[in-house]
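Chemist: In case you want the letters, here they are:
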Amino acid sequence: MAVARSLRVVIAPVRRATDVARQRLDDAGRPTQIGLVLIALALLYILPFLKIPILNTPRSDFASVLFFPVGIYVLLAIGLNIVVGLAGLLDLGYVAFFAIGGYTMGLLGVNAHWTFYEILPVAVLASMAAGFILGTPTLRLRGDYLAIVTLGFGEIIRITARNSDPLGGPRGIFGIPHPSTTFGVKFSLLDPKPYYWLLLTVIVVMVLMVRRLERSRVGRAWTAIREDEDAAELMGVPTFKFKLWAFAIGAGIGGMAGCIFATKVVSITPDNYTFSLSILTLASVVLGGAGNLLGVVVGAVLVAYLPERFRVFDEARVMIFGAALVVVMIFRPQGLIPNRQRASELTENTGQGGMGTLGAEVVARPPTEVSDA
Amino acid sequence: MDGLTIGAIYALVALGYTLVYGVLRLINFAHSEVFMVGTFGALWATRWFGIKIGATSVHHGIALVLILIGVGLVAMAFSGATAVLLERIAYRPLRKHGATRLAALISAIGASLFLQELFAQKWFAQRVHIGIRTFTPFPRILAKTQLFSFQKANFRTDKVLIFIAAIIMMVVLDRFVAGTRLGRGIRAVAQDAETATLMGVNIDRVITVTFLLGGIMAGAAGMLYVIFFENTLNTIGFVLGIKAFTAAVLGGIGNLRGALLGGFSLGLLENYGASIFGSQWKDVISFTILVLVLMVRPTGLLGEAIAKARA
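For the record, the sequence lines run as chains A and B.
Our numbering applies: residue -3 is where the first sequence begins, and numbers increase by one.
Our numbering applies: residue 17 is where the second sequence begins, and numbers increase by one.
Treat the hints with caution; some may be incorrect.
Restraint-style ranges between C-beta atoms, simulated for each label pair [as the list claims (entries may be wrong)]:
hint: 1; chain 1: A; residue 1: 306; chain 2: B; residue 2: 245; range: 33 to 41 Å
hint: 2; chain 1: A; residue 1: 29; chain 2: B; residue 2: 211; range: 46 to 54 Å
hint: 3; chain 1: A; residue 1: 207; chain 2: B; residue 2: 293; range: 43 to 51 Å
hint: 4; chain 1: B; residue 1: 77; chain 2: A; residue 2: 272; range: 44 to 52 Å
Below are the SDA-like pairs computed for lysine to any residue, each with C-alpha atoms no more than 25 Å apart in a straight line [claimed, not checked]:
hint: 5; chain 1: B; residue 1: 112; chain 2: A; residue 2: 204
hint: 6; chain 1: B; residue 1: 112; chain 2: A; residue 2: 323
hint: 7; chain 1: A; residue 1: 237; chain 2: A; residue 2: 204
hint: 8; chain 1: B; residue 1: 112; chain 2: A; residue 2: 9
hint: 9; chain 1: B; residue 1: 68; chain 2: B; residue 2: 173
hint: 10; chain 1: A; residue 1: 237; chain 2: B; residue 2: 308
hint: 11; chain 1: B; residue 1: 112; chain 2: A; residue 2: 332
hint: 12; chain 1: B; residue 1: 112; chain 2: A; residue 2: 320
hint: 13; chain 1: A; residue 1: 237; chain 2: B; residue 2: 312
hint: 14; chain 1: B; residue 1: 160; chain 2: B; residue 2: 136
hint: 15; chain 1: B; residue 1: 298; chain 2: A; residue 2: 163
hint: 16; chain 1: B; residue 1: 298; chain 2: A; residue 2: 160
Simulated from the structure, these hints should not be mistaken for laboratory data.
In this text, all values refer to a predicted model and were calculated from it rather than measured experimentally.
Glycine included, C-beta positions come from ideal geometry on N, C-alpha and C.
Isolated chain B (complex conformation) (with noise of 0.2 Å):
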């Protein structure tokens, strides 16, 4: 289950990279801190909500779900403003110039240190230092309490929450994609960009929307994440966003449902071989497993292409 739970968050960022691999052709490097600036958006709304790290945080039925409903929503809408932003001021003016990818990747790497340094400042991070670890705590809001166990996967409540929130984000962006006009756009210009443009297109637009969508999905995982670890850092998103990207290049970069099926397997080996080879080995384990499938099938899992898988 623990494999399930870190597999969904990795599926949830995978799609951010994918969305924006499927549109641009680029890997937006800064993707794992809009992941990160989404569990700090979680953070500052239990603050909000007067929810205080303690015995107090726990709460119950209707107001449990109209707090993880308003954390959530602050948090993809902490994110989704920073795919934006990022999005804007990063790579439109490149775009514009006809840059290459390497400087686009150049930039990306700058906009990921600017954010991460930012949310290192005091202001930003109440940070708590026990031993040599350092974090920012996030209040338990949610009773852990074992619903049932089967074999040995122990069926918690905060996992089958994350499983289920991811399931329904993911089948949202999916429907989304596949069903509403702007959907038809992002398949469009994944396509063929310039076609789309004289098909009239708003490419712009197009561009803005996946960046904003690529951030909500992050935004959710942020939030489970923090609902998962219960802390967070400005470093996190680093790990997490090599993972994510791993994800989403095992399952066939640009494909959605490849991001999905990257997220889960990649989350259930790393646990597998976590639990063969010690844990300190998680992720040489993952990365082998990256190396090894692209040997046997580099387009990945399931293929590329956003707008080839239903076009």
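Only chain A is shown next, with the shape it has when bound in the complex (with noise of 0.2 Å):
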């Protein structure tokens, strides 16, 4: 492993690297922090404007980027973050909640003449019922069964949406209305700076509120779940409710980003929705660190963001992220920035076949013994 060791000799600098920069960073002060978020921010925001070579993305538009694939990754990655990185849930189906979103602002915008500051608010309330009803059954299941169903629900939103026509068929549905002009800033088809500053905004207000909810009762509660469901069950911890509560919260913010999605793009069809968005989204959360919040928007901007600047390679860029995928789940599989508390968690595991119990699954064991073969 000649290829393993040199890789090593790369990596292990650049982690001992990130891991002093988080050190001086919570030595600083709380207004120095607050400063260098305040900078980064407006960074942020000039960011269309800034012609970076480096950044640049040759053969697509960088302010498109941005939007899609970055931002939306980030929005996503934020919402299954939730549902992963803090209840320790497996949801592989995750692009259902972004397509109901989507379908919701299409529907209600082509059809009702609704504009968007209105509809949004519905597409998230319709997306977290869809996660109310998906999870109820599903939630008390063991994890790898939750896996496999949302999955399985993925596919069935997708292929429901191309078989029925009252929702476009696979020719989806186009003609969807636009933002209407806000603070100012007009929405249209040819200039993605106001969506991108809109995504912006939107993730900004979704960081604040998941950092809120990380540190209230219910974001320990989900910890307890996380770490072990069925101490957690009997310290009081009504499980079921709360692992329903993430999931449906999760479902929330992907029915977000999917309303905004589909109000830039004008027209969706069910091929948006495919699986492969659900797993490189997941892919965000992992590769970042399950649980930590930089870490996820960290890593959703990395899986956006490298396929579009490496597209000169064509061909064999999505061969080389896979690959690259692969080498970072080597060299650090608790994600690139993990979550501390989480990752003295896993640590401590010693694990079944040497492979870890714990992730999105609680239950080492199966909880029954039926066996009539």
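Relying on the hints, combine the two individually framed chains into one complex.
Modeler: Shown next, in the form of structure tokens:
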């Protein structure tokens, strides 16, 4: 494994540097931290105007790329992080909620002539309702089954959209309205920048909201469920209720992303909502470090941006991306910027068959002894 | 009969998921790509045997038998090798680090993307474009003639062959796991990995063998798939993989005979469902069945655990 060793040589200093940087940031005072965040935010808002040659994406418009895939992936990853990273539930069909949000926007916008700002809350509520409906029967099941049921649900939504005439069938919905002019910013087909600003604002609000949630009673309940569901239940945490809420809130954020995406792209088809989107979102969450907001955002930016940046290699880029995922997981299985609490959980666990029992799954052993074969 | 044919293929692939899950408690997400590599293995084998696409490709008698066995062996070798490499590169290092299963899942997704794109490259796949469809054609080796029909079921040579071949493969696997030393090792690790290690079971070897067995089954499935559908593509693994996993869960994941039962019942139900609601709803039907079964019987039809089935 000479390759592995040489890779380790490259990766080790990077790893050390990120750890040191984090420590510095923690030690800095509160005002410094807030200041840095504000500067970073300002930079993000003017990013489409800065023509930084290395950052630029050849063969595609940079501002467009910032909106989709980068921004959308970030918002989706923030939502999925609640489900996977905080509550420890494995959801492989997250794209379903993205689709529900998108189709709500499409249907209400085209048929009922509602405006974007009216539809957005409806889309969020619709996706949350879908989350409740899907979660109620399945969250009682073990983790792996949840994974496969959510995966199936994602496919069901897509295929149903493809086969239903009211939803436009395979051609989907077109002519979805743009948001009306807001704070003097005009939304149009040709300029992606306003959508990017809108999305960025939503992301900032969501980040703040999720941070509050994480540190509340709800967040602590999620952590307890993730670490040991049985123990949490014994301690009086209503695990099912909190799992359902995690699922529904995650779904709501997914629906929000779907709504914003649909209003930007004007026309949506079932092919916008394939399984690979679920997977890439999950990859963002795990790659960045499940449970850590900053990590998740960084992960999403990398997953969305790198394939766009390396479009020059065209055919091989997805292949390289796949290989890169494997390499990162080998050297940093807890993600690039792991959640500290979670990282400490991981080192303790002994695991079954050496693969570890934590992650998206809490029950280590089958609860029942059914076997008539 | 269509239901049983596709069900047999599902069942063979499902065995791979179930084996790995039984031993590692891990969804081997890249298993669908192992199957896909098997279809390409079969394709290249026909090329090495000098079979060209066209009327001359159909063989009879001894030549047919030899070609089928040869193609099958090559496909199994390809898939088996892929599965073992996958374990070595994408899973073993993570296992050594004690990584989460989520990390293993992502690593598997990475490997899956890699393999899919690898087999999309021009030098791998000689593709054909007809209308909006793109695929890599596979020569017809076996004359597809109607043997007899019973009620509405058509017994065609290729379907009968697939069914019988799949059953043979499954019986062999079942005997292997039940009877041999390595099979016992697999069951021991599935039951309790730590204790098995203490008892002197070489856990790494057991895991490698498990992946190899799953790969061989997927290779056989790949070869049978191309004989039936006569085409392949780098992306065929995905949907089939989901279906096969559904079959494994349906029968009770970790249970070998459950995979068999799950595969056949999924194939049949899907086919009947498609004849009632129309074939575009096929995938929705199979997932709905899965959800319903899981609600009534959360451990699948036959319950779990390789180890407990016949310890």
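Chemist: Which numbered hints does this structure break?
Modeler: 5 and 14
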